[in-house]
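Construct all of the structure, not just a fragment, from the sequences and the given hints.
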Amino acid sequence: MNAPQTPAPQTLAPQPGPPLWLLAELTYRCPLHCVFCYNPVDFAHTPDELSTDDWLRVLREARAAGSVQCGFSGGEPLLRDDLEVLVAEAHRLGFYSNLLTSGVGLTEARARALKDAGLAHIQLSFQDSTKELNDFLSHTRTFELKQKVAATIKDNGWPMVMNCVIHRLNIDYIDRIIDMAVELGAEYLELANSQYYSWAMLNRDQLLPSREQIERAERITNERRARYGDRIRIFFVVPDYHETRPKKCMNGWGNVFLTVTPDGTALPCHTARMLPGLAFPNVRDMDVRSIWYDSEGFNRYRGDGWMKEPCRTCPEKEKDLGGCRCQAFMLTGDAAAADPVCDKSPSHHKVVEAVERAERGEVAVVERPLVFRGPEESRRRKAGLLQPGN
Amino acid sequence: MSDAATIIDTATTPHVSKRFRLQWEEAQQSWVLLYPEGMVKLNQSAGEILRRCDGARSVIEVVADLEQAFATTGLEADVIAFLELARKQQWVDV
Ligand code: SF4
Ligand code: SF4
Chain A
6 MNAPQTPAPQ
16 TLAPQPGPPL
26 WLLAELTYRC
36 PLHCVFCYNP
46 VDFAHTPDEL
56 STDDWLRVLR
66 EARAAGSVQC
76 GFSGGEPLLR
86 DDLEVLVAEA
96 HRLGFYSNLL
106 TSGVGLTEAR
116 ARALKDAGLA
126 HIQLSFQDST
136 KELNDFLSHT
146 RTFELKQKVA
156 ATIKDNGWPM
166 VMNCVIHRLN
176 IDYIDRIIDM
186 AVELGAEYLE
196 LANSQYYSWA
206 MLNRDQLLPS
216 REQIERAERI
226 TNERRARYGD
236 RIRIFFVVPD
246 YHETRPKKCM
256 NGWGNVFLTV
266 TPDGTALPCH
276 TARMLPGLAF
286 PNVRDMDVRS
296 IWYDSEGFNR
306 YRGDGWMKEP
316 CRTCPEKEKD
326 LGGCRCQAFM
336 LTGDAAAADP
346 VCDKSPSHHK
356 VVEAVERAER
366 GEVAVVERPL
376 VFRGPEESRR
386 RKAGLLQPGN
Chain B
70 MSDAATIIDT
80 ATTPHVSKRF
90 RLQWEEAQQS
100 WVLLYPEGMV
110 KLNQSAGEIL
120 RRCDGARSVI
130 EVVADLEQAF
140 ATTGLEADVI
150 AFLELARKQQ
160 WVDV
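Protein chains in written order, with our numbering: chain A, 6 to 395; chain B, 70 to 163.
For the record, the hints were derived by calculation from the structure and aren't laboratory data.
Nothing here was measured: the structure is a model prediction, and the numbers come from that model.
For each residue, glycine too, the CB sits at the ideal point set by N, CA and C.
Hints are supplied without guarantee of correctness; some may be wrong.
[To be verified] Covered stretches of chain A (in silico footprint by chain B; criterion: 3 or more residues with CB under 8 Å from a CB of chain B, positions within the stretch not fixed):
hint : region
1    : 62–73
2    : 95–106
3    : 151–158
[What the hints assert, rightly or not] In silico BS3-like cross-links for lysine-lysine, where the CA-CA straight-line distance does not exceed 27 Å:
hint : chain 1 : residue 1 : chain 2 : residue 2
4    : B       : K110      : A       : K322
5    : A       : K159      : B       : K157
6    : A       : K253      : B       : K110
7    : B       : K87       : A       : K159
8    : A       : K252      : B       : K110
9    : A       : K252      : A       : K324
10   : A       : K159      : A       : K120
11   : B       : K110      : A       : K324
12   : A       : K322      : A       : K253
13   : A       : K120      : B       : K110
14   : A       : K120      : B       : K87
15   : B       : K87       : B       : K157
16   : A       : K349      : A       : K313
17   : B       : K87       : A       : K153
18   : A       : K313      : A       : K355
This is the structure we're talking about:
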């Protein structure tokens with residue numbers, strides 16, 4: 006239309022846009038024990054969770070700063086009995102609210118209350134890869150639980166979205182995973198390959214699939230897409246270890262995503278807390294707008310000013326912004342290095358070697374058992390009894 | 070594919086699909102379509118068209134309203150072309 010355009014104000018440095026996506030990690034408590042959990046390995050030491058009033062304030066501040074998507078996750082967010090109160094406030098403020106849950110604890114009464122509170126969407130996840138998914142695939146209790154939850158989701162008129170983290174131990178069952186998602190009436194299915202941080206990094210050698218496994222899984226996914234047509238939309242996210250260019254992590258550091266952890270720490274990405282020498286602000290001390298625009302933690306890796314070679318002069322730097330800072334740090338010890346997934350990185354061989362081990366099937370499943378996430382294990386790690394693997 | 074057919078004409082009464090929520094975002098100074106874990110940021114024309122698609126008004130009424138609001142004429146072809154695209158994206162149902 007021909008409405009007059011107001012000229013954009015002149016700015017010197019590019020100002021980041023608003024924190025469009027707010028991820029509210031309400032609790033690290035969780036009834037499950039996933040091998041790929043991305044919660045911090047020392048989660049059992051998390052001090053007090055934010056109170057209801059703290060979260061209500063965070064929601065208001067984030068919305069005022071321009072957040073529009075809000076994800077309630079955890080841990081298992083249903084373990085917070087003020088979830089309905091938070092959802093209602095999010096709705097009142099104009100957020101589009103998403104609940105990321107395993108479904109454990111989603112009774113019909115709670116679903117109804119969440120619906121009344123204005124919850125827009127539930128993502129039903131398969132969280133515990135080895136046990137929960139096996140139980141699901143073998144039609145045991147987990148299948149019945151998901152079936153019940155799926156019916157509840159549909160009865161309340163929510164879109165039925167399922168998410169399953171894929172890795173070496175379940176990727177060969179992808180056909181059955183898809184079929185059963187269809188059986189449950191899922192309209193969307195996200196098959197996300199595990200990313201290797203935190204708990205998943207400890208288990209990386211056991212979880213990384215071989216190239217052949219991935220190719221087969223992609224082929225089967227395409228066959229199923231053709232078979233089921235419009236009934237289900239399937240997203241298949243390949244693991245970046247098998248690529249030669251990194252992902253634009255979180256769509257750019259401090260660009261879109263704002264995570265608030267159970268204790269109120271604000272992070273540009275849910276794993277960023279592992280980065281050394283970076284103080285991340287807490288929502289108890291600082292309001293969301295200042296956190297987003299002014300804090301050191303959010304500004305450190307914004308844009309490309311922090312880059313070193315080979316990224317600094319790389320013609321592709323706009324495309325991936327040097328990849329993931331956490332992955333760079335975990336694999337090279339330097340958070341400002343190029344993500345070693347990139348074949349221009351001098352540490353690319355570390356990724357290649359991990360993939361080659363996976364190709365050769367050298368998984369020490371026996372000598373190095375999977376580390377299940379759980380409070381006991383977390384305390385032991387904190388005490389330094391176990392060293393993270395690499 | 071049924072997608073190829075053109076089915077929007079001046080008598081159609083389109084509405085924003087149940088799968089999306091259309092809302093004005095002050096911080097972005099634009100209309101957006103929200104859906105599970107995602108957002109489509111609309112340009113001004115798209116936003117002005119979609120906000121008028123309430124399932125009651127026909128395309129011809131939407132066009133008339135837009136032409137009046139923006140003191141212009143001859144928008145019909147553009148509006149229909151956009152709505153065809155929006156239908157294929159499943160933003161609107163008819
Ligand atoms: S990934 Fe698993 S263990 Fe970690 S929070 Fe989610 S459900 Fe719990
Ligand atoms: S060198 Fe750095 S910027 Fe260039 S493609 Fe690799 S990671 Fe991206």
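Discussion item. Tell me if the straight-line CA distance from K253/A to K110/B falls inside 27 Å.
Written reply: The hint holds at about 20 Å.
Discussion item. Against the 27 Å threshold, does the CA-CA distance of K159/A and K157/B hold or violate the hint?
Written reply: Given that 27 Å is the threshold and the Cα spacing comes to 24 Å, the pair holds.
Worksheet entry | 27 Å Cα cutoff - pair K87/B, K153/A | Cα-Cα ~24 Å, so holds.
Practice prompt. Quickly compare the C-alpha distance for K87/B and K159/A to 27 Å and report which way the hint goes.
Written response: Holds, because 14 Å separates the two Cα atoms, which is no more than 27 Å.
Worksheet item: Given the proposed pairing of K87/B with K157/B, does the C-alpha separation stay at or below 27 Å?
Response: 15 Å, holds
Worksheet item: Counting residues of the region 151–158 of chain A whose CB is closer than 8 Å to a CB in chain B, do you get three or more?
Response: With 0 residues close enough to chain B, the hint is violated.
Discussion item. Checking one constraint from the list: CA of K252/A to CA of K324/A, max 27 Å. Satisfied?
Written reply: The given pair, whose Cα atoms are some 9 Å apart, holds under the 27 Å limit.
Worksheet item: Given the hint that K322/A pairs with K253/A, does the C-alpha gap stay at or below 27 Å?
Response: 10 Å, holds
Worksheet item: Does the alpha-carbon distance linking K313/A and K355/A stay inside the 27 Å limit?
Response: Roughly 19 Å separates the two Cα atoms, so the pair holds.
Worksheet item: Hey, K159/A versus K120/A, does the alpha-carbon distance stay inside 27 Å?
Response: Roughly 11 Å separates the two Cα atoms, so the pair holds.
Discussion item. At least three residues with a C-beta closer than 8 Å to a C-beta of chain B: is that true for the region 95–106 of chain A?
Written reply: holds (count 3)
Worksheet item: Do the alpha carbons of K110/B and K322/A lie within 27 Å of each other, as the hint requires?
Response: Status holds; Cα separation ~25 Å.
Violated hint: 3 only; the structure is consistent with all others.
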